[in-house]
Amino acid sequence: MADDLRLATQTQAAGALRPDTVSGRRRLRLAWLGTLPFFAYALAFLFVPAGEVMVGAFKGAHGGATLHHVRETLHQPYLHEYWLTIKVSLITAAGGAVLGLLIAYAAIREGTPRFIRTALTTFAGVAANFAGIPLAFAFIATLGTIGVVTSFLRDHLGYDPYAHGFTLFGERGVEIVYLYFQIPLMILVIAPAIDGLRREWREASSNLGASSLQFWRYVGLPILMPSILGAFILLFGNSFSAYATAYGLTGGGLPLIPITIGYYYTGNVLSDPHLAQALAFGMFVVLAVMMLLYIPLQRRTARWMR
Amino acid sequence: MRRRFSLTAWIWLLLAAAYFMIPLIATLLFSLKDDQTGKCCSLGAYGFVLHDPQFWTTIRVSFVLSLETIAISLVLFVPTIYWVHLKLPRLRPVIGFLALIPFVVPPIVLVVGLLNLYKGAPGWFYAKPYGFLVAAYVILAFPYMYFALDAGFRAIPLHTLTEASQSLGASWRTTLGRVILPNIRVAALGGSFLTLAIVMGEFTIASLSAFNTFPTYIQLINESKAYEAAALSLMSFGITWAAMIALLLVGRGRPGRPAQVAGAR
Chain A
1 MADDLRLATQ TQAAGALRPD TVSGRRRLRL AWLGTLPFFA YALAFLFVPA GEVMVGAFKG
61 AHGGATLHHV RETLHQPYLH EYWLTIKVSL ITAAGGAVLG LLIAYAAIRE GTPRFIRTAL
121 TTFAGVAANF AGIPLAFAFI ATLGTIGVVT SFLRDHLGYD PYAHGFTLFG ERGVEIVYLY
181 FQIPLMILVI APAIDGLRRE WREASSNLGA SSLQFWRYVG LPILMPSILG AFILLFGNSF
241 SAYATAYGLT GGGLPLIPIT IGYYYTGNVL SDPHLAQALA FGMFVVLAVM MLLYIPLQRR
301 TARWMR
Chain B
1 MRRRFSLTAW IWLLLAAAYF MIPLIATLLF SLKDDQTGKC CSLGAYGFVL HDPQFWTTIR
61 VSFVLSLETI AISLVLFVPT IYWVHLKLPR LRPVIGFLAL IPFVVPPIVL VVGLLNLYKG
121 APGWFYAKPY GFLVAAYVIL AFPYMYFALD AGFRAIPLHT LTEASQSLGA SWRTTLGRVI
181 LPNIRVAALG GSFLTLAIVM GEFTIASLSA FNTFPTYIQL INESKAYEAA ALSLMSFGIT
241 WAAMIALLLV GRGRPGRPAQ VAGAR
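Chains A and B, in that order, give the protein sequences.
Its first residue numbered 1, the first sequence is counted upward by one per residue in the numbering used here.
Its first residue numbered 1, the second sequence is counted upward by one per residue in the numbering used here.
The set of hints was computed from the structure by calculation and includes no laboratory data.
Each residue gets a CB set at the ideal place from its N, CA and C atoms; glycine is no exception.
Mixed in with the good hints, there may be bad ones.
[Stated by the list, open to error] Negatives, chain A to chain B, calculated, CB over 10 Å:
1) Phe45
2) Leu46
3) Pro49
4) Arg109
5) Ala131
6) Arg154
7) Tyr159
8) Pro184
9) Gln214
10) Arg217
[Said to hold, decoys possible] Under 8 Å between C-beta atoms, here's a sample of chain B residues computed to sit facing chain A:
11) Ala9
12) Ile108
13) Pro215
14) Leu248
15) Gly251
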């Protein structure tokens with residue numbers, strides 16, 4: 001009798017405490033309202049403006065839909081500018097990935113004092129964020145025509161890099177400067193993956209008679225590869241969308257796509273604004289393709305990182 | 001198995017140190033040159049900058065912009081992410097995916113869209129940096145804020161804390177402000193310092209929408225005064241350093257590194 005009573009109160013209590021089991025559907029629907037401000041903000045300041053650019057790319061100068069501008073971006077000089085931007089991004093992403101990996105590994109591997117790793121990741125955090133106008137100017141002060149290093153080479157070593165075809169304000173120069181934020185970004189992104197290489201794997205492979213080269217060829221690199229490719233895509237997007245650094249360095253002299261878009265918008269060139277939107281649409285397409293490659297790679301990486 | 005120090009590792013580290021240090025040292029030497037003679041050493045460039053009212057105005061504008069961006073981001077994202085973790089766990093991957101979208105929309109594209117869309121908006125929003133720029137900067141800060149806060153919320157027993165607080169009769173506001181917020185303080189501060197670094201260095205959007213902020217001031221000086229521009233570049237580097245050091249100090253002794261990558265390219 002007493003047992004029955006207790007059972008009954010328990011069931012009732014459970015029902016009273018969890019009203020959501022009774023009207024679960026309605027409560028859930030109301031719960032969505034809580035995210036409304038966030039979605040409204042994202043819609044107003046991210047999606048609608050981005051959509052505006054995409055729609056604008058297909059609009060004619062006097063209204064009406066047209067493929068004219070998008071087709072125009074597939075001709076010169078824009079095709080060349082896209083290629084230049086993609087080339088700079090590929091080179092700095094590859095360079096940043098390889099150098100960043102080597103430097104990160106050198107700092108993390110056993111035998112390197114611990115403080116070096118801390119110092120390196122801290123500095124990488126700063127350098128990855130130190131971009132734009134100040135970075136461009138730091139390099140102008142270093143390798144520009146009257147830069148400190150240029151003057152030193154010219155006055156003390158009798159070698160003038162500018163007399164030998166080098167210029168900081170061209171494609172090669174932009175690549176050298178971009179590496180200053182690409183390498184640190186790679187170090188930040190890849191360090192956790194290198195940490196994930198367990199010491200046991202290295203020991204097991206050397207117990208089985210593998211050389212260091214064989215370890216990297218058959219164990220180390222295959223495990224790191226998804227992270228490296230994911231980081232590469234991140235680095236590509238990073239320099240593909242960079243504007244401030246190239247602008248500060250060349251003053252708009254090197255026709256990268258973001259620079260050209262900026263040109264059309266600051267009114268330096270009188271032109272159809274829809275052309276700039278078509279160019280921006282092209283950037284979306286390139287970056288979206290990259291992002292679609294990134295997501296599955298990210299998923300594969302997550303499997304190893306556990 | 002303790003490995004001895006490796007020569008190749010040290011060579012790589014030295015090369016890296018050279019590549020990263022030389023531009024900074026060169027900028028320092030450059031900034032110390034005398035305006036008239038071009039010789040070392042004079043603090044004239046720093047004196048000029050510190051006596052330029054434009055410097056103080058723009059750095060103040062940028063600082064206020066970052067505070068405002070941080071405030072709006074926290075008010076917007078903390079309750080949303082809390083709510084999603086608590087009630088709508090199925091929505092988490094959706095928000096995580098949304099946090100990647102700003103990477104696909106470069107600042108140069110975002111500003112073109114925003115300028116087109118809000119051309120006719122009221123002056124207090126469109127013509128003021130505290131309206132238009134902050135609206136854009138909250139979007140720029142969103143991924144960094146989100147990843148910092150998401151990690152913070154995952155690390156605490158959210159349901160237990162909420163239920164305990166409500167059993168004691170706390171309202172939603174009390175729960176959020178006095179129970180949840182102190183527990184994710186580190187994550188929120190981490191995201192805030194990253195946002196500070198982003199906003200203090202953002203040039204693209206400010207320049208295209210014709211507002212005068214600290215980075216556009218550096219560019220203005222860059223075009224006319226070389227030594228002063230070097231001095232300003234170093235100051236900007238110092239601001240980034242300060243934000244990152246603060247980020248590290250705040251996150252010290254906690255499991256998991258805070259995200260350290262901002263985006264002001």
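Now for the hints, and whether the structure bears them out:
{"no.": "1", "hint": "Phe45", "result": "violated, 5 Å"}
{"no.": "2", "hint": "Leu46", "result": "violated, 5 Å"}
{"no.": "3", "hint": "Pro49", "result": "violated, 3 Å"}
{"no.": "4", "hint": "Arg109", "result": "violated, 6 Å"}
{"no.": "5", "hint": "Ala131", "result": "violated, 4 Å"}
{"no.": "6", "hint": "Arg154", "result": "holds, 14 Å"}
{"no.": "7", "hint": "Tyr159", "result": "holds, 16 Å"}
{"no.": "8", "hint": "Pro184", "result": "violated, 8 Å"}
{"no.": "9", "hint": "Gln214", "result": "holds, 17 Å"}
{"no.": "10", "hint": "Arg217", "result": "holds, 17 Å"}
{"no.": "11", "hint": "Ala9", "result": "holds, 4 Å"}
{"no.": "12", "hint": "Ile108", "result": "holds, 4 Å"}
{"no.": "13", "hint": "Pro215", "result": "holds, 5 Å"}
{"no.": "14", "hint": "Leu248", "result": "holds, 6 Å"}
{"no.": "15", "hint": "Gly251", "result": "violated, 11 Å"}
Of the numbered hints given earlier, the model fails hints 1, 2, 3, 4, 5, 8 and 15; all others are met.
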